[in-house]
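Participant: Let's have the full structure, built from the sequences with the hints guiding it.
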Amino acid sequence: MRRFKRGQIVKFLQSDTARYAIVIQNNTGNRFAPTLVVVECEAMGVGKEKVTVNKKVYSVDCHKLFTIDKSRVKKIITMVDSKEMKSINQAIVDTYMQPKMRRFVFAKLGHEDLLGSEQTKDRPVLLLEEFEKDGQEAALVALMTSKKNKNKLDTHIVFEKGEGGLEEKSVCMFEQIKLISKKQIVREIGVCPMQRMQQTMRAFAVSVGVKKPAV
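Residues 0 to 214 in numbering that gives the first Met the number 0 are what the sequence shown lists, from first letter to last.
No lab work stands behind these hints: they were computed from the structure. Accuracy of the hints is not assured; some may be wrong.
Simulated pairs of lysine-lysine, DSS-like, Cα-Cα distance not exceeding 30 Å [claimed, not checked]:
no., residue 1, residue 2
1, K54, K120
2, K73, K10
3, K54, K99
4, K151, K107
None of these values were measured; they are calculated from a predicted model.
Facilitator: Below, the structure is given as structure tokens:
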């Protein structure tokens, strides 16, 4: 299995299109997991954080954060400058790590362009953040599974049947993050219990390699 490090800029293929992204997944996951959590870099993007790739300046929009299979990566370009990475880390904390009520929803995730260990299918998800992307309403979600043989990781939280309206005992997988259109949300399931807020923030922080802020 190829080795990756947090802060690497990689070139990957999605729908036969070459794209750039920064690996933000924690280094334990980068060593052992078949997937990577990345944040995309765009030449004409709107993100205020900046990185340099092949002498070109790219913007980093922390809303464009998602999981890809390692086999998508075609090339490791370079490491992000430490000052730039510090700015990206802070943007992730500011965007996702604030205490707030989060909801379980049922989403149609589709099956297109699925590769390797990337998870999809229609399923319950935990809604992490809602925002506008390219003029469309979008959401970042953590995928859930009810499979009983799922390995327990630091990025997993087990929710019992009935918690937040869940119909089955389920594992929320913070290493499996997906950016979706809000049109893919079919229905509301319920509210994630407030006493679980610290756990969800910690699991997300572990997944993306940042420190959970004190609350």
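Participant: Confirm or reject each hint.
Facilitator: To see whether the hints hold, each was checked on the structure:
no. : hint         : in the structure
1   : K54 to K120  : violated, 39 Å
2   : K73 to K10   : holds, 6 Å
3   : K54 to K99   : violated, 39 Å
4   : K151 to K107 : holds, 25 Å
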